[in-house]
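Student: One letter stands for each residue in the lines below.
Protein chains: 4
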Amino acid sequence: MKLTNEQSQEIKDQQSQENKTKRATAPELEKILYNAIPILDHGFIRVVDYMGDDTSIVQAARVSYGKGTKKVSTDAGLIKYLMRHWHSTPFEMCEIKYHVKLPIFIARQWIRHRTANVNEYSARYSILDKEFYLPDPKHLAAQSQSNRQGRGEILEGEKAKQVLDLLKGDAEQTYNNYEMMLNERYDGSVINENVAGLARELARMNLTLNTYTQWYWKTDLLNLMNFLRLRADQHAQYEIRAYADSMLDTLKKWVPITYEAFMDYRVGGTEVSAKGKLVIQKLIKGEKILMEDSGLSKREWNELMEAFSLKDKLI
Amino acid sequence: MKLTNEQSQEIKDQQSQENKTKRATAPELEKILYNAIPILDHGFIRVVDYMGDDTSIVQAARVSYGKGTKKVSTDAGLIKYLMRHWHSTPFEMCEIKYHVKLPIFIARQWIRHRTANVNEYSARYSILDKEFYLPDPKHLAAQSQSNRQGRGEILEGEKAKQVLDLLKGDAEQTYNNYEMMLNERYDGSVINENVAGLARELARMNLTLNTYTQWYWKTDLLNLMNFLRLRADQHAQYEIRAYADSMLDTLKKWVPITYEAFMDYRVGGTEVSAKGKLVIQKLIKGEKILMEDSGLSKREWNELMEAFSLKDKLI
Amino acid sequence: MKLTNEQSQEIKDQQSQENKTKRATAPELEKILYNAIPILDHGFIRVVDYMGDDTSIVQAARVSYGKGTKKVSTDAGLIKYLMRHWHSTPFEMCEIKYHVKLPIFIARQWIRHRTANVNEYSARYSILDKEFYLPDPKHLAAQSQSNRQGRGEILEGEKAKQVLDLLKGDAEQTYNNYEMMLNERYDGSVINENVAGLARELARMNLTLNTYTQWYWKTDLLNLMNFLRLRADQHAQYEIRAYADSMLDTLKKWVPITYEAFMDYRVGGTEVSAKGKLVIQKLIKGEKILMEDSGLSKREWNELMEAFSLKDKLI
Amino acid sequence: MKLTNEQSQEIKDQQSQENKTKRATAPELEKILYNAIPILDHGFIRVVDYMGDDTSIVQAARVSYGKGTKKVSTDAGLIKYLMRHWHSTPFEMCEIKYHVKLPIFIARQWIRHRTANVNEYSARYSILDKEFYLPDPKHLAAQSQSNRQGRGEILEGEKAKQVLDLLKGDAEQTYNNYEMMLNERYDGSVINENVAGLARELARMNLTLNTYTQWYWKTDLLNLMNFLRLRADQHAQYEIRAYADSMLDTLKKWVPITYEAFMDYRVGGTEVSAKGKLVIQKLIKGEKILMEDSGLSKREWNELMEAFSLKDKLI
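Residue numbers (this note's numbering), protein chains in the order written: chain B, 1 to 315; chain H, 316 to 630; chain V, 631 to 945; chain F, 946 to 1260.
What the hints contain is simulated information worked out from the structure, not anything from laboratory work. Note that the structure is predicted; figures quoted are calculated from it, not measured. Incorrect hints may appear among the rest.
Some chain B residues judged to face chain V by a derived CB distance under 7 Å, without partners named [said to hold, decoys possible]:
1. 270
2. 272
3. 274
4. 281
5. 287
6. 291
Ideal Cβ positions, reconstructed from N, Cα and C, are used throughout, including at glycine.
Based on the provided sequences and hints, a complete structural model is requested.
Tutor: Written as structure tokens, this is what we have:
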């Protein structure tokens, strides 16, 4: 990730602010406010604003006149209770805003989370940066044979080289032709004074989906956790998981008590179906239970056994 | 509006905070942060948190690395442009949170604005305050004869007295019986040690709709303006307009540039239909145009003439 | 629940329709379309429209040109898979609309589900029916001693009688005074020709929260299931559960395959936290594990044991 | 737009359905149900389901037991009233579902309308069709000089040819390399039996933004009109306007009364600011008013004069 001198200076200017406020603040999050945290080869996330902290959740749950907190242990107990019982509205009382730079094909996954506010850099209005995502070789994986939407073995040798060459060559060529159609380089210089360039809103269609875009993305704490639960999951595509993992760090700095509860009840937890509960019960009682008699499909059976790390029971 | 000593102290404690932050602040709004601003006879609004200011809108519209502002005049021009052309997403980048005390029948209108976060005081869990709304005599109006959902003349004399007596008497009686069913007074004292009280979630059904409730209500700037546009309007019920009017003041303190644009383009503006445009055009050209030939209903014609203060053209 | 002759006739007229359509239909749901199914003492639900069926979910998940179905067993497998892995968007492709009559205090719980469309009968515009909810004696419960938002023992004898008398007396009195203030009876007859009545939007504030209101409520299948999961749960207040239970029946008639998956994975299932998983693992392996060493609170421990019907392990 | 034989057959099968229903039907919309209406060079829209008609709006506004209609003229009056006064909730009571094939860069604009349900064809799971958008020469426009997000003159001659050659060449090359990386052709044939192909979720990033994707898109009538108001507007990008214009036709077939009101009050109407109202008033009174004294910027002044077709007053 490279920032221009001007961009770095703008970020420094923001970080040098020292404003007074009566609002709740999150000191650990303040420390990294505005920082551009690198993700993938050219991407980043920056926390650019936030509202509320752990005590705001307690305050709202109690509809309190004051801070809503008695002592930290009581607050933690209440937050855990709310998380466990899906009392979700108090978590909506905190808000966070990120500035994110990310490849377009990842932006398309991300935007499916609708309960968020977004302002994206406009390629109708401006020319996009010449930056595109090329996977690190250790993330260049073959199609999975067992999971139609997953990855298998890492590609190696000639095939890996071929893929990277194709991705790089095509991205560069289509970007150069984008400039050619615009009749304008990224730096604003005109290519041929005698002809008109194609409208930006049309020229952009020539870019490949690994081109980077950027946006401001704002959501509340509940919907941030919904996002992270799905996108920091091992079934999520690696490239969006890279963003989600970094955002988990910012969650921890922002609302540490909520973070603990989230990791325990959501990220580290599991769901068990009605049929699955009967299987677990029998296993605890030491009774014999076969997949065939459980009502579970083979796939469900294995998901259940894996959830409880019962490797010897996998079929 | 009366606050207990404990509540007043909690508010003072919040106001005495002096935290440091790198975030954008709104100095005029900070001055009234946490203040309970009285509305109606027992209600209030308090701004308890906020995120962003006018520059945050500009910053998001530009997807900026820095503050997103060049100079105030440029910012104002951009904000006006965004407002005029319904480029609404940058206004979603600011957020505000209120603590509101309000009668239940008004809460039922308010909650219809769905794009907001709410935590209400729970009458399943706690006993509600003994406070109910009684209109000031100057707001005690007869049913409008022309508008089925509006008010007409102010009631006077015996009828006014009768209404206030009935409202007061019924609210007090149903509240006393609420305590009786609960077998518990608001202050927590038990009425009869020998019997069990009715469950709170049931007893509350005996209360009248003018009983006060309270909630934390959080929304973004765009949806706040949507709320205010409808609820600060002269067609809104007076009781919710009283809240909206106070909230307009907080809007002005928070985002003064946006406030100006909102008053000009939304609150003070009007909409003209395709047919209405033809009428206006003819009027400007000095051509004769009759309601009968305009394609407008009498009601539409009058709404159009009133919008442009053409009183002599009312029918 | 009583309907006027006119209302019954209107419902019959709707039921006698026999329109032709190329759309997917749900034959079992068609059979009860428009029926007013009684709930509580004066309430009802009526399914008044719907869109899609089980095959619509499959069709959307496959982004199909045709019906999206191969054979029923394949469809069922896909629907179960989607439900298990929280692939929620295909379930949003079906829509249902209810006409509901319900007490206001229940309407206030219900409306908290924001992802739905609502049109409520307007008491600003019209006079409400003289109908209010009085609990059946078997649902007249004392406040729970262990759960601040729950019910305990059924009230009996004198206390039960007192409660019912108070509820009935207050509802009748406040309704009579509502008419008095309006200067108009429910049937439209004027009480005193010589005085003006209070505006409807004000008079309504005198009614108690057990007064019945009604609305059209429309939502998609995903959000219907979110509603039912919370409101058909044993922790929900009985009065809203009565509605949710009836709606579960309509769900079964509408999308029987989805209903099965919903009952297995959501309603009958359970969640286990990261710490809870370790406890279950040890129990299966026959290792000793005490609550004190588990990291679970007593409450969490008991919730876990109850979820798996391990009554001997309750503490 | 080409459909495979199998796709055409699936569509015919759907169209040959003749189901009976008690629900409201929209006969004109039924006639085109499932039809693939061509848009751009390879795109289409198909209405695949709907719920409700004009009478459903009236029914919900009245919270009716029956059809909610008295006679057509009364219904039309009510619908116009609702539209004019932004009583928006009754319009949410109708729902429509489209199957859309569209270029990815247009899908990215479209998805910004968040109050809709979407299932998109997954390029993580499947291989995308070899179809990409190439503008018709009459839509190949130069960048506008006056509007940074608009189009100017049509490109001609050599420049037009160059652009089309580049777009076509790059799209074909990147698609071919997409197959190469996948080691699989669109028809499923393997290219080289001895090597593994790149994961689909990665290979897709090599495609250009004019590649076609497809989705099921469902929304309610209110949000459909919000979409059409912005996207059938002359300021919208031509390519999305092409879709919106076709959808306006389906709106007319579905809810003809609402369509008339929508065209009059929204599409054909205009908004006038508080300052603009004063200008119009003076013009009607024949008073002199200069832009400089109006408080309007030059741009606002011209927008106002254009709204009322006062071409002689443009500056």
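Student: If a hint holds in the structure, say so; if it does not, say that too.
Tutor: Now the hints, each set against the structure:
Because the smallest distance between the Cβ of residue 270 (chain B) and any Cβ of chain V comes to about 5 Å, under 7 Å, the interface hint for this residue holds. At about 5 Å, the closest approach between the beta carbon of residue 272 (chain B) and any beta carbon in chain V falls short of 7 Å, and the interface hint on this residue holds. Against a cut-off of 7 Å between C-beta atoms, the interface hint on residue 274 (chain B) holds, since the closest Cβ of chain V lies about 3 Å away. Among the interface hints, the one on residue 281 (chain B) holds; its C-beta lies about 5 Å from the nearest C-beta in chain V, closer than the 7 Å criterion.
The criterion of a C-beta within 7 Å of any C-beta in chain V is not met by residue 287 (chain B), whose closest approach is roughly 11 Å, and the hint is violated. Hint status for residue 291 (chain B): violated, given a least beta-carbon distance of 16 Å to chain V, over 7 Å.
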